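All chains, full assembly: derive it from the sequences and hints.
Note that the protein sequences, when read in sequence, are chains A and B.
Under my numbering, think of the first position of the first sequence as 1, with each following residue one higher.
Under my numbering, think of the first position of the second sequence as 1028, with each following residue one higher.
The hints are simulated quantities; they were obtained by calculation from the structure and are not laboratory data.
Honestly, I wouldn't trust all of these hints.
DEER-style ranges, computed between Cβ atoms [what the hints assert, rightly or not]: (1) 1171/B with 433/A: 51 to 59 Å; (2) 622/A with 1065/B: 36 to 44 Å; (3) 719/A with 1492/B: 45 to 53 Å; (4) 1105/B with 515/A: 52 to 60 Å; (5) 782/A with 1338/B: 51 to 59 Å; (6) 1484/B with 719/A: 50 to 58 Å; (7) 1103/B with 424/A: 28 to 36 Å; (8) 1339/B with 433/A: 24 to 32 Å; (9) 1484/B with 783/A: 19 to 27 Å; (10) 823/A with 1456/B: 38 to 46 Å; (11) 1456/B with 902/A: 31 to 39 Å; (12) 1103/B with 782/A: 41 to 49 Å; (13) 874/A with 1484/B: 39 to 47 Å.
Since this is a predicted model, take the numbers as computed values, not measurements.
All residues carry an ideal CB built from backbone N, CA and C; glycine is no exception.
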Amino acid sequence: MKQWLTLIRWIGAWSLMLCSIQGFAQGRVVTGTVTSADDGAPLIGVNVYVKGTTTGTVTDLDGKYRIEVPSDDAVLVFSYVGFADQEVPVAGKDVIDVAMSPGEQLSEVVVTALGISRERKALGYSVTNISEEDVANSGEINVATALQGRTPGVYLSRSSGTPGGGVSVLIRGINSLDPGRSNAPLYVIDGIEVSDDVDVLPITSDKVSLGVAASSATQSTTPNRIIDLDMGEIESISVLRGAAATALYGIRAANGVIVITTKKGKAGKPKVEVDYSSGWENPLKVPRVQQQFIDGHRNDSKKRTWIFYNWGPEWRPESADQLHDTYGEFFRTGTSQGLSARITAGNDVFNYRLGASIQSAQGIVPNTWYDKRNFTLGASYKVGTRFRIEGSLMYANTGGNKPHEGRKSVMNVIAYTPNVVDLTTYEKPYKYSENFSLGIIDHALYLAEHNTYIDDVNRLLGSIRAEYQLSPALSLHYVIGMDGYDDSRQRNVSPETDEGNNMHGFVVRNFARKRSLTSNLFARYNQQLGSRLGLSLLVGQYLYHSRKTWQSIRGENLAVNEFYNLNNTAELFQSNADVWYRNMAFYGEATFDYDHFLYLSVTGRNDYSSSLPAANRSYFFPSFNLSWVLSDMTDLPKAINYAKLRASYAIVGKDASPYKVGRYFGLASNFPFNDVLGYALATTIGDENLRPEFSRTLEAGLELRLADNRIGLDFSWYKTSVQDMILSVPISNATGAAVYLTNAGSMENRGMELSMDITPIKTSNFNWTSTLNWYTNEGKVLEISEDIGDEIVLMSLRGVTNKYVVGGKIGDLYGNPWNRTPDGQLIIESDGYPRVNWDTMVYMGNAFPDWVASWINDFSYKGLSLSFLWEWKKGGKAIDISRTYSIGNGILEETLDRYMKVVFKGVRLDDNGNYVPNDIETELHPTYFYRNWRVYRYAPEVYLMDASWIRLRNVSLTWRVPESITAKLPVSNVRISLIGSNLFLNTPFKGFDPELNYFGGQSNIYGYVGLRTPSTRSYSVRVKLTF
Amino acid sequence: MTRITHIFGKAWLALALAIALPACNGFLDVNQDPTRLGEDQVDVSLLLPTTIEALARVHYSLAYTASQVTHQMDAFGGYYGEFTNSSAWSTIYLKGMNNLKVLEEKALAQGEEYSPHYGGVAKILEAMYVGLLTTTWENVPYSEALKGSENVQPAYDAQPDLYNRIQALLDEGLALLDAETSYLSPGSDDLAYGGDLDKWKRLAHSLKARYMLHLSNKGADWNAILSEAAQGLASNDDNFQLFYSAANPNPWFTNVAKANETGNFSITHASYFINLLKGEIYPVVDPRLPLIAALRDGDTTYIGEESWNPDAPESTVLPTKDTWYSTEGAPILMMTFAESKFIEAEAAFQAGDMDRAAAAYQAGIAAHMDMLGVDPAQRDAYMSHPAVSTVDLERIMMQKYIALFLHQEAWTDMRRYHFDPNVFRGFVEPDYLGRNQPGQRARYPVSEETRNTANVEANRKDFTTPMWFAE
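Below is the structure:
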């Protein structure tokens, strides 16, 4: 609650205002000034009314009011959002000046679209707020991960356990069936749209095949750009999930909005905060390496080819080979350090804030690291009582060495490395052809030390916000801001590694740059239309411009080994892109307030989008939301402190990605060819009559507070259907194109979200609050253009296919089953093994969970506070693609049954063609069983597993050093925190933690994990000093 | 203070106008990709290189599988299964024929920029694409193809019609090349012939002969073939080929030679081909053997791969960065003088003109050996060996088979003669995993199965069912 009170002070008194209520009573006139007890500043728009009547007024720009009271024994009530109500008896006075103190109020204030703070009770949709403290105590450096478990409806998946790894956020599921479109939410910081792009740039050479489904996206983790934001500057986060909540943001908010409010300067004497943290981390969960058999094949060790076979003889103590737990030994303990200093000071007219922060982390893969440096400057200037201007600049420098991931990476190598290999050291000079596997795979440590991928991002975010109070009822607001970053990356690939050997090493230099500009001009007007009816209006105009360019230069064939510079490469290749996008809109909102218990908001927005055909680029969509506060309308049983019903209906349009419409000729692949250029027609055709797609969302909810406000409940149900979906439809290549982009599908998301908070104990010394979040979301595929049949395949890998099938669900996974009889019995062939039916695909599960719950417990006792965050993901399947290697190569404990004689449970055909119980004894042979793709190797029934988990995501213990001690020190406040992440994990999933998506941040492919740096268990200590 | 606020009041208005104005002035007109050309900007000379490079790439990827069917090559990982050649399919339609269509439309648009020379070259290239399509998959989309979103499920044309179309395209190409004036004519953008239109014409004639010969089982006109061959390629200088380089390495180098060298084993020479060259089928050792196949370190005997045979000795041969066909800069051969000569030899032999058959046969062998750089003395010794100098159908086809190493046409020839071991002496199709017939076609790609299902189902045949031309 406290942060909201602070928030209100900077947002300004204009933000919530009830207008003059016409009074008809005759009698005495009382005047006065209302100020803030905190700093003596006049409060504008304070509601002043005569208790028990509808007579009232609001304070003007100077905090002054004038009200007629019916009699001397009247009582005046002063109420103002964020401040405790005050009641003052008139008692014959003509002048009543009031100083209001910030105080707890039932009517919570939340930040909504356009950064407008509104009373929660007036909203007809759900909004979740995440506090500064929750963000700080998450122990994370990426704000996206700080959302984890704090709000229902938000599904996170990470792409790597390395510091600086990418994260995908889905709010209320996937909203587009187009495999290439982002479903990521929009981030808005202080009114400015900021980039959370995942810039996957070309980092591979086409002279080496990395294998099926490997791409630049899978070969490294790419951070989502919101990682650049300084976590210490966050005051609060509002998660706007439904379409009604985001309607004013229009098309760019179709996937939900995360509104971040940053800390601002405060009036008062200079206040300095210093924050230090230090932490360490270890792999959370890795596969168990068998320690019984060594390399080779049966009794034959050190065979020339296929040396990665770990199917050899039993290890004997007298053996010259030492056994190694390859997964266990390879990773080191990761460490992290952070230091920040922030200062704020000012007075009523001018205040400022200055912050600097350095975060540094060293990952569990040797030679990986990530640094983040932030500088922030913010200032606010008030001109008179009517005009206020604020500006802020945020600079970030981030980057580090990302581990090579995916195919032929460290994680792939370990899945091939026999247990006799020591991964903590290698012989120098290291030669590809002389390594332990004779040039088939690499030594993991050499790979980690030499194949590096370093990014260096410089980002500047600048914004100006101005507001002008024309009258108590009318205000003008203007926000303009720029977000720009330059991302310079270098990838080195050694000629002595598998990926670099073909072209004798290569260097990739990538330069990405994005500039975006947001401009938002709007006016707000509040007017009481009678004794009970209030109206507030908002109209605005919006502009957005963005341009993203990137260049990629790859130099191959190093002249001097280990000298990684483009000057040292014999052949150069380049590619580049330049993407412009613009959007303009006019929007408006009208909110009717009937007697403070019934609120109806209507919004409308007309968008103009550059990426649609000119004839179709202007489009309008409305939304409606209704809030009905039963507890303010009528007297409810005493146990019910607050009861509200809400409902909304919203239509939101969405445009296409840039350059999808039109016929283009791009530089052809393999060109320039011997100094000659060749161009090729794009293989995507855009529909020349492409229309925007529209989603329609119906949402209903209930809010309750019970038992003296000790129990709170917030429930939402929603249904979103998307029609005329813009879809990249794969078409027969014989058409001359591979993909046709058109309005070609429809889908639906339905879900429920529940937040419940309970305060079991509340005493002056000890508090315990418990919050439960729970949600479920189900996306259904309703229609896909007949032109492409009834399905869209997103990925098919290792026998598991993630596809959209009409009538099916988003995230459905299909696989090739073992041959079975009609009654489901496993059919065993004459060799004693079952067979995978590679011609048939059956439904095998869904990648998304049935539901996700989180349970937060906060305890505080005097200066100590303890917080636990448990998360439970129930359901959802995944396949670990590294496991097909490590089992196929005899690396894991699961292969200890090798050469064992078994009889598979199932049936076999007898001589008469009848199925009889199987009695054929067979051997669990490496080649014929474990490595045989017809039997076991890629059998989805083996590798597709339940990826449910329960984990203790976060624990934080904070001790606020008592004043009795700090009084003796030159500090005013000392807080010491211990933070732990992923302290406990329980999952039926074998091998790695199934949380990491193989296909990387913001891909729409789910259900594949593995070949990613494992997630970690981490601990940190944090000391925060305030001077 | 009032003055300041007054100024700000005006500033708001100005700002509002400033924001609203660009909307009327093309603020939103930014949906043109600055990194790509529009249809008006793209020039025929920018499309021709693409279609030639794609054609060479398709020759590579089709030969990768065809050479396994013909037992020139064999895979380390096991005998070939039912392939689809999906990358060739997509390259043909998405990089070759679609750009050729634009090229033809631009070149042949009536008006000042009418460029029949480009149109003629494009028609010849198109004929070659159609030839590769039909000899790989038999019936394929052609007359309904390349219509974009207007027809997303194009029907398939039957093979006889496609062969008619190939001849018509070549005739049209020849006629266009005869035009005296052309607004633009190919030059250095012609990656194969550098703008030499006479070579293109000779190529067209050789191609006419090749595609007539394909119909040998359907009643070929031998004299017509001989007439076309006579106007065809005249020397190795006329070879229709694309040379690669260090920056654009030959795909056999990248995907086969280099891959084998770095432990990513793909395919190598098959035992049948090695046995043929080392004198086990005919009693003569072919001097081309060491130029085509390298021995592994430490090995001295040439042993080809026999992946279907678990008892076979381990192969000792590899295509490497030093063997002729897989050097970094090696050409992809699309139509050679040697092939043209062997076409002539076969047609003359079938027509009963033995002298002409013998002369063409000799010229074919010499052309291929000279191309490979065989020592002339060794060449002459080999050619005068009785096992070679005798001219009969078997020897013509065998020498053509060697000269068509890593070429789709070798597969077509074997199919025409039904893999007859009396023509291709010693050729045995093994019984492997329940299949004992050679591949006669590629399966339609999965993309086509799922996106053009009805048409695939109407045209799908078994992998081992001969095509119309090979019946």
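Status of the hints after comparison with the structure:
For the hinted restraint 51 to 59 Å between residue 1171/B and residue 433/A, the CB-CB distance of approximately 53 Å keeps it satisfied. The beta-carbon spacing between residue 622/A and residue 1065/B, approximately 37 Å, falls within the hinted interval of 36 to 44 Å. A hinted range of 45 to 53 Å holds for the C-beta pair residue 719/A and residue 1492/B, which are about 52 Å apart. About 54 Å separates the C-beta atoms of residue 1105/B and residue 515/A, a value consistent with the hinted range of 52 to 60 Å.
Evaluation of the 51 to 59 Å hint for residue 782/A and residue 1338/B yields a pass: the beta carbon distance comes to about 58 Å. In this structure, residue 1484/B and residue 719/A break the distance hint of 50 to 58 Å, their C-beta atoms being roughly 38 Å apart. About 33 Å separates the C-beta atoms of residue 1103/B and residue 424/A, a value consistent with the hinted range of 28 to 36 Å. In this structure the hint that residue 1339/B and residue 433/A lie 24 to 32 Å apart at CB holds, the actual value being about 27 Å.
A beta carbon spacing of about 24 Å between residue 1484/B and residue 783/A agrees with the range 19 to 27 Å that was offered as a hint. A beta carbon spacing of about 40 Å between residue 823/A and residue 1456/B agrees with the range 38 to 46 Å that was offered as a hint. Look at residue 1456/B against residue 902/A: about 37 Å separates their beta carbons, and that is inside 31 to 39 Å. One distance hint, 41 to 49 Å for the beta-carbon pair residue 1103/B and residue 782/A, holds here, with the actual separation near 48 Å.
The given range of 39 to 47 Å is respected by residue 874/A and residue 1484/B, whose C-beta atoms sit roughly 42 Å from each other.
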